[in-house]
Structures are given as C-alpha cells and as structure tokens.
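> The residues making up each chain are set out below.
Number of protein chains: 2
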Amino acid sequence: MNKKACVPFFILLAGCATPPVATPPEKPRTSAEILEQSAPEDWRALDPENTLYLELPKGRVVVELAPAFAPNHAANIRTLAREKYFDGLAIIRVQDNYVTQWGDPEEDEKKAKPVGTAKATLPPEFTRDIAPDLPFTPLADGDVYAPEVGHSAGFPAARDPKSGKAWLTHCYGALGVARGNTPDSGGGTSLYVIISHSPRHLDRNITLAGRVVQGMELLSSLPRGTGPLGFYEKPAQRTPIRRVRVAADVPEKDRATLELLRTDTNTWNEFVDARRNRREPWFVEPAGAIELCNVPLPVREKSEKRVR
Amino acid sequence: MNKKACVPFFILLAGCATPPVATPPEKPRTSAEILEQSAPEDWRALDPENTLYLELPKGRVVVELAPAFAPNHAANIRTLAREKYFDGLAIIRVQDNYVTQWGDPEEDEKKAKPVGTAKATLPPEFTRDIAPDLPFTPLADGDVYAPEVGHSAGFPAARDPKSGKAWLTHCYGALGVARGNTPDSGGGTSLYVIISHSPRHLDRNITLAGRVVQGMELLSSLPRGTGPLGFYEKPAQRTPIRRVRVAADVPEKDRATLELLRTDTNTWNEFVDARRNRREPWFVEPAGAIELCNVPLPVREKSEKRVR
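Respectively, the protein sequence lines represent chains A and B.
Numbering-wise (numbering that gives the first Met the number 0), the first sequence opens with residue 0 and increments by one.
Numbering-wise (numbering that gives the first Met the number 0), the second sequence opens with residue 0 and increments by one.
Where hints are given, some of them may not hold.
Unchecked claim - Each computed DSSO-like pair below joins lysine-lysine, with the alpha-carbon atoms no more than 30 Å apart:
{"hint": "1", "chain 1": "B", "residue 1": "K233", "chain 2": "A", "residue 2": "K301"}
{"hint": "2", "chain 1": "A", "residue 1": "K301", "chain 2": "A", "residue 2": "K57"}
{"hint": "3", "chain 1": "B", "residue 1": "K57", "chain 2": "A", "residue 2": "K57"}
{"hint": "4", "chain 1": "A", "residue 1": "K252", "chain 2": "A", "residue 2": "K301"}
{"hint": "5", "chain 1": "A", "residue 1": "K233", "chain 2": "B", "residue 2": "K57"}
{"hint": "6", "chain 1": "B", "residue 1": "K233", "chain 2": "A", "residue 2": "K57"}
{"hint": "7", "chain 1": "A", "residue 1": "K233", "chain 2": "B", "residue 2": "K301"}
As the list claims (entries may be wrong) - Some chain B residues near chain A, calculated using beta-carbon distances under 7 Å:
{"hint": "8", "residue": "G141"}
{"hint": "9", "residue": "S197"}
{"hint": "10", "residue": "E216"}
Hints in this document: simulated from the structure, not taken from any laboratory.
All residues carry an ideal CB built from backbone N, CA and C; glycine is no exception.
Can you build the whole structure from these sequences, using the hints too?
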C-alpha cells in the first residue's frame, strides 16, 4: 500500500527525490480501473465464423463457439445454422437454477425437423487432449472439481495432467449439447445454456460447444417451465426462435461489434487479481481467492470501450 | 458393486446361504431413491417464527430466517414484517447473474417509509463465533473461499477454526441485508436474494439473514433492470410487494406445509454422497466431489412427500 513512500504528486513534479527503483503504485487498481486503462491489444474481436446470433423476439443472444474443444459439434452447429435448422424452433425448457434449452418441440421423432446435410448425432467431445497449441492461463486458487482450472482463449476450462485431458467447464453462460442417456446421442440440434450456479458435475459428461458472450438476460429471465425438468407444458409458453445465424453470413453492418478481454495477457492476470482481492471501498474482507466460475469474462462494445 | 455376491432375490427367500455379515447393497442408491426411502425423522418442519412469506403478484416466496447467524437482523426483519413495513414496497433491482433486491423505491431519504419500532440500521452480523451449540455438518470436498464448509441446520455455511468464526455463504437463494458503503448501514429494510452463480466473495462482507426455501423462480425469472447495477429505470418495471408476513401470524390453514431435509443425519450424508458420485445412468464420469453451493437442499410438501 506504500502510502507514505513518497510525498504527494504535485511535490513529486517539483523534484521529489524518489529512488530510481520501480515502486508499486500507491493504490492497487480496481478491476474497473484495470479495464478502463487497458490497451487495445488486451482485447480481441470475435471470429465471425465462430459466432452465432440466436435471434429471439426480445433481442439477440451472441454465442462464441469453441472449436478448439468441440470441433465436430461446432462445425455441425454451424451447418445447422447455415441450413436454417433452428429457425422457427423454440425454447422448450427453462429449469430454475439450471438450464435454458432450445430445439425442436416436436416429440414424435418421425415428425422431427430434418437436419439437412448436418448430422443428427455425433460422437461425444466431452474432453480433448492437452496440447502445446491449446492456450491455458491457470488460475492459482484451486478447484473442487478438477486438478487444474483456468482460461483457454476466453473460455473457462479445466485440465488433468495425469490423464492428459482438458475440457470446458459448466460456468454461467456455458453452451452445451443436449443428449439422451447414451453419450453419442447429442449432435447440436438441441442446445442448452447454464443460467444458474454452475453445475460443474456435468463437466466431462456432456459436450460443451461454446458460451454466451452477450444477451444472457434473454435466456435467464424466461418463465420457468412447470413440467418435469422445467419443460414447458403448453406450446404457447415456449419462446419462438426467429433465426440462428453464423455471424460471417450476416451483413457486416448488422453484426455485433464486441470485444472480449484476452485471457493470456498481464492485464488479464491483474484483472483476476483485482477480483480475487476486491479493492472497492465497499469490501471489508477481501476473499483472497477466486473460484473459476466467479471470474467475469469482460465484453465491451468496440465503439464504446464501455464494458457491458 | 458386488453383483455376484448372492443369487437372485427369489432364491434368497428359498434359503440362500448368505453369510451373516452386512453386505453392501447391490446398487448404490441415487439421491432420488435416498429421499424416497427416507424416514419421517429425516425431515424437519419450518419454525413459523423464523419463516417469512413474501407475497408477490405471481405467488409466494417462502424464506427461512437464520437467527443463529444473524439474531439482530432476523429480529429486525420480523419486526419490519409484523409492522407491515414491506407491504406496498417493490422489487427495485434485478441484476443478471447476481441478485434480486427489494425495498423502498423512494430515493429521497426524507420521504422514506418510516420503520416503526424497528431499527433502520444495525451493527453488522457478517460472522459469528463458532460454538458447541452451533450445528455443523462438514463437507469433505474442500472449498476455494473458506477453510471449512458444510451445513448448519439447513444453511450452507463456512468456518475458520483459526479465527473461531462461522458464517453463512452466498449460495443460490441466500437472503442478504443490503447495505451502503459502511458495514453498519444495513438493517433489513432492503433485502436481496442470490439468483446466480454464487458470489462467494460477498461472504463476510455483508449480513446474510436466511435463505429462500420455495418460490425462487418468482425472483430469478424477473426481467433484469437496465439501470446501473440492475436497478429498474421506470417505476412500472418494478414488481410490487403485496405483503410480507411472519408465518406465525398467518392462519394455520394458509401456511406453507413444507418439510426440509435435515442436514445432521445419516440420510443427509448419504444424499450428499449420491450427489458427489452421481449414480443415474446418464452420468459417465461421476465428479467424485461436490462444491458447497451445488449441494441441493431438499424441500417437500408435507402432505405429498414429493420433493419439489
């Protein structure tokens, strides 16, 4: 905190004899200050090929796909979107403290909407191999569920050096591929988003294919379904899906212009530390630690430089 | 799993030479089976003096107060409810992935609703001393935020043997006492409920006074406020509070007849273990651990014996 290490700033300008060593800043920065003072290169744009727009009556949900973890599912979901599979389908399930799920409301499989050139089901992508080209910024705070946790190119993730595997984690906003009782029964025709305390016990049991980066409130504030598992009991309760598009297929003027904080920079590490030890005057007892799914993943409008 | 330890059941009846030692059951029970087969004494009723009904236009939210952790705040909230302080106030804030908060929408302090014989503010009850009469069932799985976590008479809680302190934790459904920048600026006139991934960094920074045991969906599915911190910008967006009552003051026929699973029994321990190692056939990779806020706190209708 070093509050007495130098005299005030205006005297410093007049010639304070500060020793020529790096001194820590007088006051550690808050996470908001770190973001405000970040450099343009601390941020990254979304890749339009890996970005989906889920258009609902009340607005747009922006999803970032994670082909590094689920290449086949990301490709299949992209194909489904490009062939307009999701258009006209609906949000069919909202279970409190759990998930919002969309897909084909038709229960009779014979009448199900055709998947076109996409696959109806795929082999699971629950985990992948750890590899040198898979970025990973470890979080030093430990975890109840995994030997190592951290962030991989903006996605909260976990690793097990013993098994050599890495996987995405079920944090708030995670996008998953609904499946039946067999691991290979999902393919992306029905997708879910975590709207709750993170159900990390699902990790490595189901394929995560991305995460929501904007518009979570459009999924989290929906009325809960009253049927088993939160399925809606009446068709009128469902929220219709206007369309799902790959951002690359949308005219540039209609694309979201979001930037996401990179998770492989010093700014990121400082940001996480400012969340681990909150410096806002409101806090009296900084936690001194942070749990993976409590690390916010900052998103801002490119034009505004304002964090949403 | 011991599937070959004995011949099938019908032969057993005819005289199978099972050795007279306790054998593990053929198949570990799922959490649903454990609840279905639980004994009446595994459950407890709510104490009507420690139960609040928050009556909203769409239904009732049932809150259990935690006088063991926040005796002064619980008493003050009870007084506020008994003197009808909350009646006609509103839900003024819903911040996505964070909290729903209610209180007096009036921003001009001079025009604020009088608190009657209650206190407007109280000294904080962020922690309390560990004591022999404070129940605590430890959770063996560790925690990122606290040296020890577990459950205290139905509430998720943490302890630090070094400081001798115990505290309630910010899990989904926790009821907290909103405050300003100084620790003693809250008193219960404005209350919040966690509707998100658990913001455990708030632990020991703000008084938790209870938790929601039924009706969470009435708080979690509300439209998010678009003002700073999720406050509603227009009065019409707020959800009015019809009334808040202490259950003891409500005619018995109008009371909720809920039972909560006790957290100090063998059934509880078995239940937690069945959530730690999920036995439903859907799971391919049981987590082998469970994080405090992922432990569900089962509630059922007394009449139905059906878990909600």
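> If a hint holds in the structure, say so; if it does not, say that too.
Structure-based check of all given hints:
Taking the CA atoms of B:K233 and A:K301, the gap is near 28 Å; set against the 30 Å cutoff, the hint holds. Using a Cα cut-off of 30 Å, the hinted pair A:K301 and A:K57 holds, with the two alpha carbons roughly 22 Å apart. Between the alpha carbons of B:K57 and A:K57 the distance comes to roughly 22 Å, so the proposed pair stays at or under 30 Å and holds. Restraint check for A:K252 and A:K301: the C-alpha separation of about 13 Å stays at or below 30 Å, so the hint holds.
For the hint linking A:K233 to B:K57, the alpha-carbon distance of about 18 Å falls within 30 Å, and the restraint holds. At most 30 Å may separate the alpha-carbon atoms for a hinted pair to count; B:K233 and A:K57 meet this at roughly 18 Å. The hinted pair formed by A:K233 and B:K301 meets the criterion: a straight-line CA distance of about 28 Å does not exceed 30 Å. Hint status for B:G141: holds, given a least beta-carbon distance of 6 Å to chain A, under 7 Å.
A hinted interface residue such as B:S197 counts as satisfied when its beta carbon comes closer than 7 Å to some beta carbon of chain A; here the least separation is about 5 Å, so the hint holds. Checking B:E216 against chain A by beta carbon gives a least distance of about 4 Å; that is within 7 Å, so the hint holds.
Against the hints set out earlier in the document, no violation occurs for any number.
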